[in-house]
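Asker: Residue numbers (the numbering used here), protein chains in the order written: chain A, 14 to 247; chain B, 14 to 247.
Where hints are given, some of them may not hold.
The list treats identical chains as one, so a pair stands whether inside a single copy or across any two.
Said to hold, decoys possible - The calculated EDC-like cross-link candidates involving lysine to aspartate or glutamate, where the alpha carbons are at most 20 Å apart (straight line), are:
{"no.": "1", "residue 1": "K186", "residue 2": "D60"}
{"no.": "2", "residue 1": "K69", "residue 2": "E183"}
{"no.": "3", "residue 1": "K199", "residue 2": "E118"}
{"no.": "4", "residue 1": "K186", "residue 2": "E67"}
{"no.": "5", "residue 1": "K195", "residue 2": "E153"}
{"no.": "6", "residue 1": "K244", "residue 2": "D90"}
FYI, nobody ran anything at the bench for these hints, they're computed from the structure.
There are 2 protein chains.
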Amino acid sequence: MNNITSNHYNLDKCNNCPVRDLSFCNALDNGALEEFSALSKTKSFQDGQLIFSEGKTNEYLGSVILGIVKIYKLLDDGRQQIVSLGFPGDMLGNIIDSEYNYFAESVGDTKICFYQVARINNFAESNPAIYRSILGKTTEQLGHAREWLLLLGRKTAQEKIASFLLLLAEHHKGDSPNQAFKIPLKRQEIADFLGLTIETVSRHFSNLKSKQLIREYAGHMLTIVDYDQLKSLA
Amino acid sequence: MNNITSNHYNLDKCNNCPVRDLSFCNALDNGALEEFSALSKTKSFQDGQLIFSEGKTNEYLGSVILGIVKIYKLLDDGRQQIVSLGFPGDMLGNIIDSEYNYFAESVGDTKICFYQVARINNFAESNPAIYRSILGKTTEQLGHAREWLLLLGRKTAQEKIASFLLLLAEHHKGDSPNQAFKIPLKRQEIADFLGLTIETVSRHFSNLKSKQLIREYAGHMLTIVDYDQLKSLA
DNA sequence: CGTACATTTGATTTGAATCAACGTTGGTGG
DNA sequence: CCACCAACGTTGATTCAAATCAAATGTACG
């Protein structure tokens, strides 16, 4: 975690924070937030930077401000499974465990707001509401993880791809239904998220394209042409 | 949830509770526990009883006292995935969501201690420590769920079976290493937990038996003969 | 003791992995 | 500006692990 403590960092005021209403800190009233924000440090990452590693001391709790963070686990022989994607507003890590038990890596340009776990616990003594808020985020993540257990255990490759595209589309809900968006992950990352190989992912993308359910241009911009039919596949 | 509210129930004192040190209520001091315990109702279930259903109002938080509870999700066509096994001391449900988003069913004879979610929130106003404790249990479950994502997404059938047997063995840690224990799940349930079919589960059990890594008698009693080698397969 | 259910085992199929080229994209330096 | 190269992605041929289909056997229980 040297890269977090050692670097230049911004002490953004929460007032300007783009995820103020989404992050776990949103439960705090203005006075408490003022105090809490003083504990935070933001840090930026470029594509593919390691944010923390399995086995290292759990020193920081993070909140994704910008970009995407992939959380993954590894088997001894290098097989990888992405167990979560952290979008803006999502919490990173926890304040319970003594060690991280997975790896976190930035996907594209990413900005994260960090708090020291010890400071959060200290803060909580006078502001216990923060626990309820962290509990909310943790429960949400548990829900997502269990949804993904169903996907990995019981869905076919086609259903997995369709579900994945709908998940991405969910994060562009503000836009019009058929709005194009950038697929943030490489094929290998999609494979590692869905428990597949790159080839299988590629084949099923081609499939959906030939069926005119989706369109892809400029290499990574995607339009969902037939949302309802995609949903029925997922 | 009629079966919880309507039935005869015991008002066990926490002092006699066999999972007092494991449950989320263990964070409370004696005074608070006294008050908290008054909110609880215990209920017993026989094998295969539905405890709660996806889509129903999230009214109760539970704590498993005895037996095992399987938490599962279903696809439209009936495909099932067990997303968690609740052992004694494990928390059941959450206090955040408005609805249950999975099914819970007893496996064998089971006893559960229930608290109304509304009452917990009310209790928390004067005892915020309960949130920290529930957070601990939730974080633990998230860790288990992510471990299982790796298993479902990236492990082979043999590795899945080996991991499953070691998981069961973990829950008999007090016993000697090669102590026989009862496999609490039917083959179909094991399959639904590991994202496999009954036939594949059966074949790999036979495999491990012929390799002398495990032994099974009386239909469902299991001994792990070679713990280390089983571990190397998982 | 018989019926229903659970489990095992065998034969076959199949969806996804693997192996193997080939195409595309984007960055670098001549 | 283009040639080169490395990383990424697609497509095809083949293999393989697990699913499916199909009996047969084992077990629990009224």
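Asker: Now look at each hint and say whether the structure bears it out.
Answerer: Checked hints:
1. K186 - D60: neither (24 Å within a copy, 43 Å between copies)
2. K69 - E183: neither (33 Å within a copy, 24 Å between copies)
3. K199 - E118: within (14 Å within a copy, 39 Å between copies)
4. K186 - E67: neither (33 Å within a copy, 25 Å between copies)
5. K195 - E153: neither (25 Å within a copy, 34 Å between copies)
6. K244 - D90: between (35 Å within a copy, 15 Å between copies)
In this structure, the hints that do not hold are numbers 1, 2, 4 and 5, in rising order.
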